[in-house]
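Protein chains in written order, with my numbering: chain V, 1 to 450; chain W, 1 to 450.
Keep in mind that the hints were calculated from the coordinates and are not lab data. Just so you know, not all the hints are guaranteed correct.
Repeated chains share a single entry, so a pair holds when one copy, or any two copies, can fit it.
As the list claims (entries may be wrong) - Derived DSS-like pairs: lysine-lysine, alpha-carbon spacing no greater than 25 Å straight-line:
| # | residue 1 | residue 2 |
| --- | --- | --- |
| 1 | K240 | K74 |
| 2 | K270 | K73 |
| 3 | K74 | K151 |
| 4 | K43 | K346 |
| 5 | K43 | K151 |
| 6 | K270 | K240 |
| 7 | K240 | K73 |
| 8 | K346 | K270 |
| 9 | K74 | K346 |
Number of protein chains: 2
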Amino acid sequence: MMNPASSPLLTDLYQLTMLQSYYEQNMTDVAVFEFFVRRLPDKRGFLLAAGLEQVLEFLEGLRFNDEELEWIKKSGRFGAGFAERLAQLRFTGDVHAMPEGTAFFGNEPILRITAPMPQAQLVESRLINLLHFQTLIASKAARVKLVAPEKLLVDFGLRRAHGAEAGLLAARAAYAAGFGGTATVLAGAQFDIPVFGTMAHSFIEAHDSEEASFEHFARAQPGNVTLLIDTYDTEACARKVAQLAPRLAVQGIRVNAVRLDSGDLVAHAKAVRRILDDAGLGEIHIFSSGSLDEYVLRELLARGAPIDGFGVGTHLDTSADAPYLDCAYKLQEYAGRARRKRSEGKATWPGRKQVYRRFDAHGTMTDDVLTLESDRQQGTPLVECVMRAGRRLRPPEPLAAIRERAARSLATLPAHLRALESSPSYPVTISDALTALAAEVDRAREDAAA
Amino acid sequence: MMNPASSPLLTDLYQLTMLQSYYEQNMTDVAVFEFFVRRLPDKRGFLLAAGLEQVLEFLEGLRFNDEELEWIKKSGRFGAGFAERLAQLRFTGDVHAMPEGTAFFGNEPILRITAPMPQAQLVESRLINLLHFQTLIASKAARVKLVAPEKLLVDFGLRRAHGAEAGLLAARAAYAAGFGGTATVLAGAQFDIPVFGTMAHSFIEAHDSEEASFEHFARAQPGNVTLLIDTYDTEACARKVAQLAPRLAVQGIRVNAVRLDSGDLVAHAKAVRRILDDAGLGEIHIFSSGSLDEYVLRELLARGAPIDGFGVGTHLDTSADAPYLDCAYKLQEYAGRARRKRSEGKATWPGRKQVYRRFDAHGTMTDDVLTLESDRQQGTPLVECVMRAGRRLRPPEPLAAIRERAARSLATLPAHLRALESSPSYPVTISDALTALAAEVDRAREDAAA
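Make a model of the complete structure from these sequences and hints.
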């Protein structure tokens, strides 16, 4: 079986062709690659690092199984002995990273791989794939959280997430960034994330009446009664709930909430709140869903919608307003010499890097310095060693700890970066040491070329 | 092990809570659900159906394994006997669908599930997740293909696809829509899609010179030599290739192509073409990549860039200009009675539906009629039965057949829909029979409510 999540064949062909060449030339010296985002999307003032745990799992488990090796041999693309070399391949390198939940900015590395070239090169595609996606979603979720910090926020995005893993890991990334939970059951089973659920319109339509469907549902799930009230007429249905809830209460069943999913959510929420309050049902919450994102939430809250919780789906799980990051995994050093790419508009900073973050007296972030690992600067270093010679330095970090770090990150952001439209951008200074190294690398190359 | 791609726990919690209620009420009559896109994104004039094969695999394999049942029991969310009912659950229903590669439009069902309610409900989340994504990507890829029908188009998107499955299935969807192949090795191994690859900048940077890296690469991969020439100075590097290629030819190694990945691709391609042609190397192709999509390709070709092939990555695999579809899987009938949802702005057409497509004398599509399955209309019916009582009616369709169907779909689109900005929208008529049924369903509900 080739499991896409762990198969080393989930990679770009050029990784394998380069690997073969590296093996043939015995170019197996230590390479240093770093993952970073070149430039933040226009609609993001900061990003939140996420996905490191899945990267470490991937590296720990890296190996070609028999079926994969068989494919390599049969493909006719590779020379004799290549499959045998691959059969021995394990990840034996070091990993440095910003812990998940750390806010970061353009050009700042959130992951560094230090390993023999073939290993460090091979893992590129999947490492980008993992870090890019969770960072993308955590960063989007953080914006939703900043807009509605006191509300229950639930990831509803599985169905329009891009595939199975995206649905699963979006739930993780959103929870890490401060969401209260997800509707995705497997995310509960695998990551112990709180799982929330209500009912679908089909459930109501399959019954002869809304009342009948609500009673059936409440009896089957007495501890979890959220009733969907917009299938036909929202306010009329709210009045049915106002009559039903006391009857259910007599049977010991409490209606927790009603859910709105269509129409003018502000008007409906206000009308429904009044209907419920007039019936003495102030304890029934109003939950809402339907094409929500941080912009809609800001508008709903500004207009005074009495909504207690939100299911945020498609726009979260696809990061719809910025569905990708301009990220890269680039060679910084090989065989002890710093390297850089100089392609137009895509030049990179060479060497093993560190980011120092500085704070003002109130604990608010003021600026970062991007420099070499060897160049100690003032401030808090953000990149730390998490894996040495292929082994983790500590057990997997609990999601609760990542959530706390993310909350701290958001709390210490400068005020203007906490807004949805955030400018000016956060200051990241390139150190003199780094500038000097870049010039040195360029000079050495020009000398070699001359 | 809970494999996200096949686990029935990759679903929304409400599917399970509704299931429990259906079981308790013995509401296990036949339900009919249909999957459709409500409205096309502004930036799409048509969509291309894709993902059916993965849906059928999912339905065939549907079962809860021991670990999943254990989680259900331990979760404390469900009543006694629920896990035991789930242990017996298999998919025993019928599937009707438009074959993959069929062009379709708003409100037209591309999949219908006819099955006992609990089965038909449970599979909703994953069915949407599968159909939505591949349809999204096939539709995006079709636009790229329409802009550059004669060029080699290769999916380069794995690294920024949203997770492992997205990377893998984007390769499949793009190939189905007419791409020539992918860089994703696993897509080659699993779907027998042609796999293409070149080299990364890191490979060149790790060497002391571009020439050395090219020579090493060419010797390791003599049948597959595409050289990346933009790492430092594109034109200077093209001149190096012009000197190197004849030397390699003597050794029996042919340079197939050079790749451009940055800067002004039109200017670079023209200059590089001239350098190669002047050296008598007209047979070396120019391949290009770097933030490409159908808009950029149109511009490059309009400006006369002599580029023979394109690697299209991020924008393809995330469908960046329209990263989701407003799609739904809605109850159309339960226990023999048609049903519909009437939520504001989200009302659906009830009943089991069929789409008839009409063509003019030249074979060009003129219009569709959306009607009931029982209402025969003129034209070609697009929805057909593909699974009966849980068993496929035919073996999995080869990707080659899907590609051919997609090519025919694109060839028969009205000319204005083949443009990137396509308006007016394609005409889809709602039949009288369908309008009458919707009115009847509404009347019956109002009678029941009175």
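Item to check | Identical-chain pair category, K270 with K240, by Cα at 25 Å | outcome: within (16 Å within a copy, 71 Å between copies)
Next on the checklist: Checking an output row: K240 and K73, CA cutoff 25 Å. Within, between, both or neither?
Outcome noted: Neither. Shortest intra-copy (67 Å) and inter-copy (33 Å) distances fail the 25 Å Cα cut-off.
Item to check | K74 and K151: within-copy, between-copy, both or neither at 25 Å Cα | outcome: neither (55 Å within a copy, 28 Å between copies)
Item to check | Within, between, both or neither: K346, K270 at alpha-carbon 25 Å | outcome: This pair counts as between: shortest inter-copy Cα distance 21 Å, intra-copy 51 Å.
Next on the checklist: At most 25 Å between CA atoms: does that hold for K74 and K346 within a copy, between copies, both, or neither?
Outcome noted: neither (37 Å within a copy, 51 Å between copies)
Checklist entry - How do K270 and K73 come out at 25 Å by Cα distance, when the copy is not named: within, between, both, or neither? => result neither (66 Å within a copy, 39 Å between copies)
Next on the checklist: Checking an output row: K43 and K151, CA cutoff 25 Å. Within, between, both or neither?
Outcome noted: The answer is within: 23 Å in one copy meets 25 Å, while 34 Å across copies does not.
Checklist entry - Between copies, within a copy, both or neither: which fits K43 and K346 at Cα up to 25 Å? => result Classified as within; 21 Å inside a copy, 29 Å across copies.
Next on the checklist: Please sort K240 with K74 into within, between, both or neither, judging by C-alpha distance up to 25 Å.
Outcome noted: neither (66 Å within a copy, 34 Å between copies)
Checked against the numbered hints listed earlier, the structure breaks hints 1, 2, 3, 7 and 9; every other hint is satisfied.
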